[in-house]
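Okay, here's what each chain looks like letter by letter:
Protein chains: 2
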Amino acid sequence: MRYAKESLKNQIPYHSKNITEGIILNANESPFPPKKELLNYLSDVVKTASFNRYPDTDCLKLREAIAKFYQVGVDNVCCGVGSDQLLDSLFRSTISNEYVLICNPSFSMYSEYAKLSNAKAIYAPFNEDLTYNVDYILDSIKKYDPKITFICTPNNPTGATIKRADLLKIINATDNIVVIDEAYAEFADESFIDLAKEYANVIIFRTFSKAYGLAGMRVGYAISSKDNIDLINLTKAPYNLSTFTQEAAWFVINNTDLYENDIANLKKYRDELYLELQKLNIEVYPSEANFLFMYFDEKVYNHLLEKLIYVRVIKFNNKAYYRVNIGTAEENVELLKAIKEAL
Amino acid sequence: MRYAKESLKNQIPYHSKNITEGIILNANESPFPPKKELLNYLSDVVKTASFNRYPDTDCLKLREAIAKFYQVGVDNVCCGVGSDQLLDSLFRSTISNEYVLICNPSFSMYSEYAKLSNAKAIYAPFNEDLTYNVDYILDSIKKYDPKITFICTPNNPTGATIKRADLLKIINATDNIVVIDEAYAEFADESFIDLAKEYANVIIFRTFSKAYGLAGMRVGYAISSKDNIDLINLTKAPYNLSTFTQEAAWFVINNTDLYENDIANLKKYRDELYLELQKLNIEVYPSEANFLFMYFDEKVYNHLLEKLIYVRVIKFNNKAYYRVNIGTAEENVELLKAIKEAL
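Protein chains in written order, with the working numbering: chain W, 1 to 343; chain E, 1 to 343.
In case anyone wonders, no lab produced these hints; they're calculated from the structure. There could be a bad hint or two in this list.
Copies of the same chain are indistinguishable here, so a pair counts whether it falls within one copy or spans any two.
Only pairs whose alpha carbons sit at most 20 Å apart, straight line, appear in this in silico DMTMM-like list of lysine to aspartate or glutamate [stated by the list, open to error]:
(1) Lys340 / Glu283
(2) Lys61 / Glu21
(3) Lys319 / Asp189
(4) Lys17 / Glu64
(5) Lys315 / Glu128
(6) Lys9 / Asp230
(7) Lys47 / Glu21
(8) Lys47 / Asp227
(9) Lys115 / Asp230
Use the sequences and the hints to build the structure in full.
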């Protein structure tokens, strides 16, 4: 690209094929269609919203609802185009060329935005069983004093969660920012939202894209001290969320009970699938998210593709692992059947 | 803010009060409610869309429709959360600390994103009558070789348009990028889209937020060579536009005839209002946009506020000017009446 700046000369634009048919288990989406209650509400929004007017740049109605849900102040919440945008803004507001600490493997956008912000990324490996290597993280914090430490829990793509005691060690080991990315926390046994209220250096990221089935709307949020929320807002684009998206998320956060059954089912399916895969001697890791991280031969992957079953390839340790999100009961049966056929 | 990077220590987060009542003439929005044909289409979208799935990150259906509309290739188009996001991405993809040329006054986000990207901004003043000072721009290009030159035409907030011959001089004076921001081109006598097809260094920005009344959806687009579109995509966040937004814009670009009458009316109202204001000896500037740039005493502004008529204050040349967008016929009558009362 003729006009690209030097540091991006070898970068390739992000592209992902839009898959709309088959069994789609590659994006950690909810497999369930939108709730009819949500659709009824959105039908009214379509009839009454002033789409000719800019959306509320402050997302006040939505932020108030999120604040109420978590019993925090409205100034402790900000909303973005997915949590991606908040992540990006956090980098832009804080980083010139400082160190940041990222676990490996973890959510790929940490590295992407680190690159864009000229951050120096330190990568902390997991233990061999893919549990958090807390000593490594603590040593790295001591050595590099990273401006931001990212803990994704449950971790994408491995599903591992960090223990509360370990997380507290990390938070107390640094005066700098600790991001706790809880994109999948609705599927986990424990949430760490309370730590954002207690520790001034903690920022929680959450999303409506996974458990609450709004991936198509693109809305995430951060919870932290007012000072940290102001920090993110410093570089966040104004008018970032459309009126419609704000309304959809507002309805969902006020009606989370509608989703409890789906979440419980996905957890049950996940645990059942985990056991079935273990029976097949597939290398699969414990997960508290809506996906499982596993290794199988490429021929299995190719057979899944033939059956139009889509899973995510994760290159890690010079091997191709697979991240497979939990589908409907029927989809999980099809998945297991296809894996068995190819073994 | 404790964790803000040094260059942003004195920055204040963007905030704008969400005004929903009164006569709103401060954001260059369309005063007309959404078309019933659009709402019918969107009602079907609500009923059928898979909101639990991520949107198409490539916005292919929408880009194909835009490409067809302008008779360019689909690779010559990219879509953003307003043209703001494309502007931001262009800066991030090209600028380390190079010069950029911005006219003054012009769209405020050029300066904002220049700051965020550490660009060195050169400001080109307008002539005293607020027509483009083309010699100044050409001299600045010669002197500073800016990586990007921004020409907003019709210019926000002044309404001035640049002459085609002058624009060609600028484009031919530099090998670097010339952005032609046509956010308001639907209200102007001439469009310069054709220059994006002819010149490899031209990028056109357009939006659905103004003439097409989709401010609440947040969608803009860029038209340029494939190389320049790839350049913007290098740093543009993936999955940036929600499914619903993509569908709304798709409907509009396929049904622009529905908006012709509104656009013609706004142009007529604009020209009538201009004449009326001149009769009142108000300093007002010719405009080819959906707004007028003017100067009046602060007591007029205060009276408008009392009447819940909202206009935009533009600080320029150590004076407070006002940018007033054209409303419905009734709103324009109210505006003129209120101005007369306060003179």
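Tested hints:
1. Proximity of Lys340 to Glu283 under the C-alpha cut-off of 20 Å is restricted to the intra-copy arrangement: shortest distance 14 Å within a copy versus 79 Å between copies.
2. Taking the shortest alpha-carbon separations for Lys61 and Glu21, only the inter-copy value of 16 Å comes in at or below 20 Å, while the best intra-copy value is 36 Å.
3. Taking the shortest alpha-carbon separations for Lys319 and Asp189, neither the intra-copy value of 30 Å nor the inter-copy value of 60 Å comes in at or below 20 Å.
4. Taking CA atoms no more than 20 Å apart as the test, Lys17 paired with Glu64 passes between copies only; the shortest distance there is 16 Å, against 36 Å inside one copy.
5. In the homo-oligomer, the alpha carbons of Lys315 and Glu128 lie at most 20 Å apart inside one protomer (16 Å), although the nearest pairing across protomers, at 61 Å, exceeds that limit.
6. In this assembly of identical chains, Lys9 and Asp230 lie within 20 Å of each other by CA distance solely across copies; the values are 12 Å between and 33 Å within a copy.
7. Taking the closest pair of Cα atoms, Lys47 and Glu21 come within 20 Å of each other only across two copies (18 Å); inside a single copy the shortest separation is 30 Å, beyond that limit.
8. For a Cα distance limit of 20 Å, the shortest separation of Lys47 from Asp227 qualifies neither inside one copy, at 38 Å, nor across copies, at 41 Å.
9. Taking the shortest Cα distances, Lys115 and Asp230 sit within 20 Å of each other only across copies (18 Å), while inside one copy they are farther apart (23 Å).
Of the numbered hints stated above, those contradicted by the structure are hints 3 and 8, listed in ascending order.
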